[in-house]
Structures are given as structure tokens and as C-alpha cells.
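*Asks:* Chains as they are written, first to last, in the numbering used here: chain A, 1 to 258; chain B, 1 to 227.
Calculated directly from the structure, the hints in this document are not laboratory data.
Please note that the accuracy of each hint is not assured.
What the hints assert, rightly or not - Simulated DEER-style distance windows between Cβ atoms:
| # | chain 1 | residue 1 | chain 2 | residue 2 | range |
| --- | --- | --- | --- | --- | --- |
| 1 | B | Y213 | A | V85 | 18 to 28 Å |
| 2 | B | Y213 | A | Y219 | 20 to 30 Å |
| 3 | A | N153 | B | K179 | 51 to 61 Å |
| 4 | A | L66 | B | K179 | 38 to 48 Å |
| 5 | A | Y203 | B | R113 | 52 to 62 Å |
| 6 | B | A81 | A | P111 | 25 to 35 Å |
| 7 | B | I164 | A | P200 | 39 to 49 Å |
| 8 | A | P65 | B | R122 | 32 to 42 Å |
| 9 | B | R113 | A | L178 | 51 to 61 Å |
| 10 | A | K76 | B | Y213 | 44 to 54 Å |
| 11 | A | W80 | B | K168 | 30 to 40 Å |
| 12 | A | P65 | B | G53 | 18 to 28 Å |
| 13 | A | K234 | B | I164 | 49 to 59 Å |
| 14 | B | V224 | A | N153 | 35 to 45 Å |
Glycine included, every Cβ here is placed at the ideal spot set by N, Cα and C.
Residue strings, one per chain:
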Amino acid sequence: MLRSLIILICSLQIIVAVFPAAQAQQRWGPFEESEDFLVQDREEDPRESDESFGREGQIPDPFEPLNRCFFQFNDKFYFWVLKPVSKGYNTAAPELLRVSIRNFFSNLCMPIRAVSCLLQGKITGFGEELLRFVVNSSAGFLGFQDVAKQALNIEMRDEDLAQTLGFYGIGPGFYIHLPILGPFSGRSLFGWAGEQFINPVDYFFDSWAFLLSVRSYDYVNRASLRIGEYEALKRAALDPYVSLRNGYWQYRENKIKE
Amino acid sequence: MYAGASPLPGSKSSSRPLGVGFYLNKEVCMAPRSLFGILFFLVIFISVPVLAGGPTGQIRETSDKIIAIVSDPDLKAPARAEEKRQMIRQAVDERFDWEEMCRRTLGRHWAKRTQEEKKEFRDLFAKLLERTYLEKVEGYAGEKVLYEGEDIDGRYAVVKVKIITQKKTEIPVHYKTIKNGNQWLVYDIFVNGVSLINNYRAQFNSIIVRSSYEDLVDKLKFKVSED
């Protein structure tokens with residue numbers, strides 16, 4: 001049920017994406033960072049073509065007004081719902097427990113990372129993910145403890161399908177800020193939808209209501225460990241919406257390069 | 001934690017947990033009793049100029065200086081808070097190339113500014129970064145800083161650092177520096193692969209394109225004046 005809903009959203013996104021995304025690049029181009037200030041200002045230096053000089057462009061955002069609405073909604077959602085709920089939850093569950101629960105869910109998502117490694121030809125990563133799963137599921141008490149990292153120094157590979165798509169040169173499409181779920185690119189939304197098929201959590205439960213509660217619990221648990229980050233972003237930013245969009249974009253592009 | 005200015009400071013893990021300043025205090029208090037003490041003193045003083053040569057050495061020097069300030073028990077008193085901030089500000093100023101930072105954050109809008117506007121912007125932007133930065137630094141709780149190497153390319157260099165928080169979270173931080181005389185000055189900080197300057201440029205550009213440069217200045221003024 002949940003899966004078909006996601007597929008529906010994604011197919012809509014793709015239909016909308018394919019047509020305007022290509023034009024959006026040009027339409028929104030002039031608004032974005034131009035490089036010519038370099039030439040006016042100082043002699044050209046090839047080393048200045050780095051990320052911090054604005055040659056990277058920005059993610060097209062043709063639906064900015066709608067995205068800003070959702071951003072405002074999420075802002076309220078964070079301060080009125082998520083933060084109070086997390087605070088209550090934090091008093092009930094010590095941090096160590098919350099970290100363990102996050103580890104448990106992360107361990108279950110191993111197939112997503114392993115498949116993404118494999119599709120990108122990162123054979124070592126694939127092997128490490130399998131090994132981590134075996135070690136953590138047994139010695140790490142069903143994945144609550146990340147012994148593979150602590151004892152064997154094998155870190156989790158932060159790979160997903162969207163990065164795999166990026167690895168093969170598929171463009172990001174455009175930026176979309178969804179209610180509750182937060183920032184996505186067309187590409188990452190597509191990847192995320194694909195992941196619903198290889199996410200084992202979804203196969204454990206037949207009832208979508210129960211699945212939804214498990215997913216929500218994972219969401220709140222993760223959020224409870226990151227309270228304060230959004231406030232920091234908001235405090236440092238002149239325009240939090242643009243700051244988040246840019247931060248998300250830089251972070252994702254960087255992940256694909258790795 | 002990840003947004004805004006990075007927590008620049010940190011100790012050097014293993015043998016020198018609080019930086020040079022800590023040892024100096026200790027040595028002064030105890031007076032060099034033994035030959036070992038004197039030798040230790042000499043080693044510290046000799047090693048500083050050697051380290052100071054490269055970009056990593058210079059970043060490390062500044063980090064240690066700031067750590068020493070925030071960990072100094074004498075400066076913990078609330079009455080000396082402003083003095084402490086001033087000291088941190090000075091240490092940061094010495095290591096940051098504000099002009100270069102501003103040029104990069106305004107991008108193509110920089111060349112259109114008059115000298116006065118440039119100076120005003122420089123002051124406001126420095127205040128904005130300092131505000132975020134000072135708060136992070138003052139919340140310093142023994143995070144470790146591991147220096148993981150540097151890439152030098154002509155007059156540009158990247159210093160790679162990993163900050164390990166008390167919760168054992170690793171935050172990769174890259175300092176982009178540019179050489180000015182024999183000083184390597186920071187012009188951008190990447191936290192978790194996100195460039196601070198790039199992030200501000202996106203915001204500033206969006207505001208200027210949407211309304212005007214004057215509006216940006218007003219927003220900056222408002223931002224630095226709020227608590």
C-alpha cells in the first residue's frame with residue numbers, strides 16, 4: 001500500500017521531471033552564479049575553478065514557491081511536533097539506546113547499500129557491507145551494536161541508489177522539498193522509490209499501518225539524535241530555505257564524487 | 001553541528017591534549033624543576049616555528065591558540081567573557097583572509113561595489129561568521145582534531161582535518177587556504193563536503209537577484225543584531 005503510494009508519487013515526479021527539467025536548466029541558468037566576475041576581477045587561474053568559486057552551478061528549482069510553502073510547513077512541523085516529541089522521547093530513552101536503535105535499522109538496510117556498491121562496481125564496498133551485516137547481526141546483537149566498526153574498523157558505506165544513478169551520469173532533475181520528508185532531487189526521489197523494493201523492513205510487515213508506525217518510529221528516533229542542527233542552520237542563514245537547498249545539493253554531489 | 005562555521009579548534013589527541021598554552025601555564029606554575037622540564041620547554045619553543053611553515057602547521061597553530069583560550073580556567077569567569085571573545089576574534093582574524101572570503105561570497109556582485117560598500121560588507125560578513133563561530137567555539141567540550149594531511153597547489157592549499165566529537169562522530173573539515181607572503185590564510189571551510197562560502201554565495205545571490213544589494217545589506221545588519 002505504502003509502496004504503491006510512493007510509486008505513484010514518483011511516477012508523477014518523473015512525468016513532470018522529464019519535460020521541464022531540461023528547459024529549467026536554461027531557464028533558470030541566468031539567475032545562478034555566473035563565472036565572469038572572475039575575469040573582470042583578476043587574471044584567470046585554473047586552480048580557481050574549484051567549488052568554492054561558484055563554477056558548480058546550482059540545482060534548478062522551478063517549483064520554488066511550492067517548495068518554500070512545504071519548507072514553511074516543515075519548519076512548523078519541526079518546532080511544534082517533531083522537537084517536542086523528540087524531547088519527550090529523549091527523556092524516556094537514553095542516548096545509548098537511541099543510537100543502538102538507529103544502528104538496528106541501519107543494519108537492516110544493508111541490501112540498499114550493498115546493491116548500490118555492486119551497481120557502481122565497488123566490489124570491496126559490497127564485500128564489506130555483507131561482512132558488516134554478518135558480524136553486526138550476530139556479534140552485534142541483531143545489529144544494535146556496530147561491532148564491525150568498533151572492533152574491525154569497517155565503516156558503513158554511505159551508498160544509495162540515487163548516488164548510483166549519479167555515478168552513471170544521470171542528472172539531478174530539479175529540487176523538491178517535500179512535507180515531512182524534506183529535501184530531494186528528482187534523482188534522489190527516484191532512487192528512494194527504488195529502495196522501497198530492496199528495503200527488507202517493508203517485507204517484514206503485511207499491514208501498511210504497522211509498517212508506517214515502524215517507519216515513523218525510525219524517523220523520530222533518528223531525528224531525536226539530531227535535534228539542534230536545524231536551529232543552527234537557521235541561526236547562521238540569511239535565507240534558511242536557500243541555505244538548506246544549497247547544503248543538500250553540495251552534500252549529495254560530494255557523496256557521488258566519493 | 002554541521003551547519004554554519006565549523007568548530008575550528010580541537011586538541012591534538014594523544015600527547016598534547018590542550019595545546020601549547022596549557023603546558024606553558026603548567027610549567028610557569030611549577031617552575032622547571034628538572035632538566036627534563038627545561039628540555040621540554042625548549043622542544044616546545046623550537047617545534048613551533050618548524051610547524052609554522054606549512055599550511056597545516058599554521059592552521060594547527062591557530063587552533064591550538066583558540067583551544068588554549070577556551071580551556072583557560074582563568075578566562076572562564078563571566079566577567080572576562082568579552083575579553084575572551086576578543087582574544088578568539090583576534091586569533092581568527094589573523095588566520096582568515098576576509099577580503100578573499102567576501103570576494104567569493106559576493107561572486108560577480110563584488111566587482112560592482114564601491115570601496116565603502118566593500119568595507120561595510122566585509123565588516124558585516126565577518127560579524128555574521130564570528131557570531132556563529134564564537135558560539136561553536138565557546139561550546140568546546142574536548143573535541144579532538146586529527147590533522148589528516150594537506151594538498152598544496154601553487155599558492156593554494158587544502159588542509160584536511162577530522163574532528164571527533166565526544167559522541168565519537170567524525171566530522172571531516174577541509175580548510176581552503178591561499179598564500180599571502182609566508183602566511184596561509186583561510187578563505188573557505190568545508191564541513192562534511194559543504195562549502196561555507198558556496199552556501200552563503202547561494203543565499204546572497206538569491207537575495208540580490210530577487211531584490212537588491214541594499215536589501216542584502218539590510219538583512220545582514222538585521223541578522224547580526226538579533227540575539
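*Asks:* Within 25 to 35 Å: is that where the Cβ-Cβ distance between A81 (chain B) and P111 (chain A) falls?
*Replies:* Violated - the Cβ-Cβ distance for A81 (chain B) and P111 (chain A), about 52 Å, lies outside 25 to 35 Å.
*Asks:* Take a look at whether the Cβ-Cβ distance between K76 (chain A) and Y213 (chain B) falls inside 44 to 54 Å.
*Replies:* For Y213 (chain B) against K76 (chain A), whose Cβ atoms are near 31 Å apart, the range 44 to 54 Å is violated.
*Asks:* When you take the CB atoms of W80 (chain A) and K168 (chain B), is the distance between them in 30 to 40 Å?
*Replies:* holds, 32 Å
*Asks:* Has the hinted range 52 to 62 Å been met by the Cβ atoms of Y203 (chain A) and R113 (chain B)?
*Replies:* Given range 52 to 62 Å: holds, Cβ gap about 59 Å.
*Asks:* Determine whether the Cβ-Cβ distance between P65 (chain A) and G53 (chain B) falls within the hinted range of 18 to 28 Å.
*Replies:* violated, 53 Å
*Asks:* Could you say whether the range 32 to 42 Å given as a hint is met by the Cβ separation of P65 (chain A) and R122 (chain B)?
*Replies:* holds, 33 Å
*Asks:* Can you let me know if the beta-carbon spacing of Y213 (chain B) and V85 (chain A) is within 18 to 28 Å?
*Replies:* violated, 42 Å
*Asks:* Falls inside 49 to 59 Å, the C-beta gap from K234 (chain A) to I164 (chain B)?
*Replies:* Because 26 Å falls outside the window, the suggested range is violated.
*Asks:* How does the Cβ-Cβ distance of V224 (chain B) and N153 (chain A) compare with 35 to 45 Å: does it lie in that range?
*Replies:* Once the Cβ atoms are compared, 44 Å apart, the range 35 to 45 Å for N153 (chain A) and V224 (chain B) holds.
*Asks:* For the pair N153 (chain A) and K179 (chain B), does the Cβ-Cβ distance stay inside 51 to 61 Å?
*Replies:* violated, 36 Å
*Asks:* Assuming the hint says 51 to 61 Å, is it satisfied by the Cβ distance from R113 (chain B) to L178 (chain A) or not?
*Replies:* Between R113 (chain B) and L178 (chain A), where Cβ atoms are some 38 Å apart, the hint is violated.
*Asks:* Cβ-Cβ distance between I164 (chain B) and P200 (chain A): within 39 to 49 Å?
*Replies:* violated, 32 Å
Checked against the numbered hints given earlier, this structure breaks hints 1, 2, 3, 6, 7, 9, 10, 12 and 13; the rest are met.
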